[in-house]
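1 is the number of the first residue of the sequence shown in the numbering used here; add one for each residue after it.
Derived from the structure by calculation, the hints contain no laboratory data. Treat the hints with care, as some may be off.
[Unchecked claim] Pairwise CB distance ranges (calculated): (1) Ala38 / Gln16: 31 to 37 Å; (2) Arg50 / Ala29: 27 to 33 Å; (3) Gly75 / Leu37: 41 to 47 Å.
These figures come from a predicted structure and were not determined experimentally. Ideal Cβ placement from N, Cα and C applies to all residues, glycine included.
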Amino acid sequence: MSEQAGSSVAVIQERQALLARQHDAVAEADRELADVLASAHAAMRESVRRLDAIAAELDRAVPDQDQLAVDTPMGAREFQRSWSPSSARS
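Use the sequences and the hints to build the structure in full.
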């Protein structure tokens with residue numbers, strides 16, 4: 001009977017060791033995922049900041065944009081012509 005108890009203890013210890021290794025692997029994967037998510041979040045926030053800066057620059061460059069009618073083909077051409085590199089040099 002003690003032989004059977006000894007093998008049961010060995011099986012339990014093997015399973016505990018296996019579970020400990022699995023726990024370590026999951027914990028490491030969790031840390032890596034947290035790092036990746038933090039990096040992606042930081043990149044997204046930086047992208048939003050840059051887009052906001054571009055939008056603000058456009059708003060400053062075209063203060064009367066509601067009067068330009070750039071939503072029409074003729075207004076878009078006029079806007080493009082007034083902001084083309086050749087007109088900027090003038």
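Evaluation of the provided hints:
1. Ala38 / Gln16: 31 to 37 Å: Hint holds: Cβ distance 33 Å, inside 31 to 37 Å.
2. Arg50 / Ala29: 27 to 33 Å: 32 Å, holds
3. Gly75 / Leu37: 41 to 47 Å: Between glycine 75 and leucine 37, where Cβ atoms are some 44 Å apart, the hint holds.
Going down the numbered hints, you'll see the structure goes against none, and every one checks out.
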